[in-house]
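Letter by letter, the chains look like this.
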Amino acid sequence: MGDREIDQQLVERAQRGDKRAFEMLVAKYQRKLGRLLSRFIRDSAEVEDVAQEAFIKAYRALPSFRGDSAFYTWLYRIGINTAKNYLVAMGRRAPTTTEFDSEEAENFEDGDQLRDVNTPEAELMSKQIAATVNETMQALPEELRTAITLREIEGLSYEDIATIMNCPIGTVRSRIFRARETIAERLRPLLGTSKDKRW
Amino acid sequence: MERISALMDGELDGDEAVRELKRCGGDATLIEGWATYHLIGDVLRAEAPLRSGFEARLREALAAEPTVLAPRPSTVQRKTRLFALSAAASAAGVLVVGWLAMPYINHPAGGSGQTGLAKAPLSQGPTVAEIDPSMKEYLLAHHESTTASMPSVTPYVQYAIGTPKEGAMSR
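Chains F and E, in that order, give the protein sequences. Position 93 (the first sequence) corresponds to 108 in our numbering; numbering is contiguous. Position 143 (the second sequence) corresponds to 818 in our numbering; numbering is contiguous.
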């Protein structure tokens with residue numbers, strides 16, 4: 016099942032009253048949405064406020080989502096409109112449609128801007144998380160590091176990774192999982208992710 | 676948890692993926708894994724995490740929201756819609772065939788050449804009633820003498836002579 020179908024499944028579950036399904040969508044897209052919003056809202060606290068408002072608006076509007084577009088396209092439109100309204104309300108210039116449309120949002124890959132405008136606290140947190148992930152990556156056995164790099168950075172399928180690494184698909188799946196779980200173990204104390212605190 | 680890892684990579688089959696998503700609904704550990712794995716992927720792609728506490732604040736805000744319950748189209752409605760679409764398609768097919776067959780139905784003897792455009796000059800010519808009876812006899816006699824050499828003309832001659840309304844070959 017592809018990415019879009021998984022999102023659609025989560026949307027349908029949320030439409031049937033399963034809030035956790037919507038929380039899974041939030042967990043998946045919050046950073047992407049934050050990165051998008053940071054293009055025209057400089058303050059990171061404001062970015063998060065607008066992101067939160069956008070997610071709430073999306074949740075309220077779920078009954079009207081029919082899956083004609085991908086969920087993230089729909090969410091980003093809501094995010095951009097929320098940001099525009101926010102900027103207008105704050106007496107600042109809102110971006111025009113041509114400055115920023117949803118298609119551009121989907122292809123937007125610059126992740127530096129949000130880091131640049133983070134508060135010291137947020138910046139520290141970001142740096143700690145990034146450092147932990149990178150340090151753990153370097154410490155991983157090579158076959159795990161290669162597998163997760165090919166998946167997360169290169170975006171390859173398990174089949175392609177299996178071909179490149181000359182191993183069965185099941186082995187790829189296991190290596191990627193072990194890599195993730197090793198990094199997650201190192202992150203959990205930092206994130207304070209006891210099960211009641213994090214989704 | 677390995678299935679969650681495969682799920683977020685789009686590597687589970689449809690039924691397995693649906694089952695796994697269903698499991699997530701009742702297991703906070705699986706959702707935590709889903710969230711942390713996504714965070715790891717985003718960090719590896721240089722997407723900065725939001726400030727700590729964002730998720731908790733949003734979760735609180737969502738908890739305060741009334742639960743969304745979107746009406747789903749029922750099975751009966753789906754079947755009705757499917758039937759209506761099938762019926763509409765059938766009716767459209769019948770209409771198209773009928774429209775295409777209309778000229779043949781209105782002019783069964785004329786075939787494809789008997790269209791309005793072809794008929795117009797014929798109706799303006801002299802009628803059989805205007806033909807001199809002696810000319811009729813001549814034409815019949817001529818027809819009999821030429822049938823052997825020009826068999827393909829026979830039907831036209833019979834048509835011109837024997838049909839009162841037609842007079843195109845009266846000369």
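Treat the hints with care, as some may be off.
Quick list of in silico lysine-lysine cross-link-like pairs, DSSO-like style, CA-CA up to 30 angstroms [as the list claims (entries may be wrong)]:
#1 F:Lys142 / E:Lys697
#2 F:Lys99 / F:Lys72
#3 E:Lys697 / F:Lys34
Here are some chain F residues the structure puts well away from chain E; computed CB gaps all over 12 angstroms [what the hints assert, rightly or not]:
#4 Lys34
#5 Ile71
#6 Ser79
#7 Ser84
#8 Asn96
#9 Ala104
#10 Met140
#11 Ala146
#12 Thr147
#13 Glu158
#14 Glu196
#15 Leu202
By construction, these hints were calculated from the structure, which means they are not laboratory data. Just so you know, these numbers come straight off a predicted model, no measurement behind them. Virtual Cβ for every residue (Gly too), placed ideally from N, Cα, C.
Identify every previously stated hint that the structure contradicts and give their numbers, smallest first. 1, 4, 5, 6, 10, 11, 12, 14, 15
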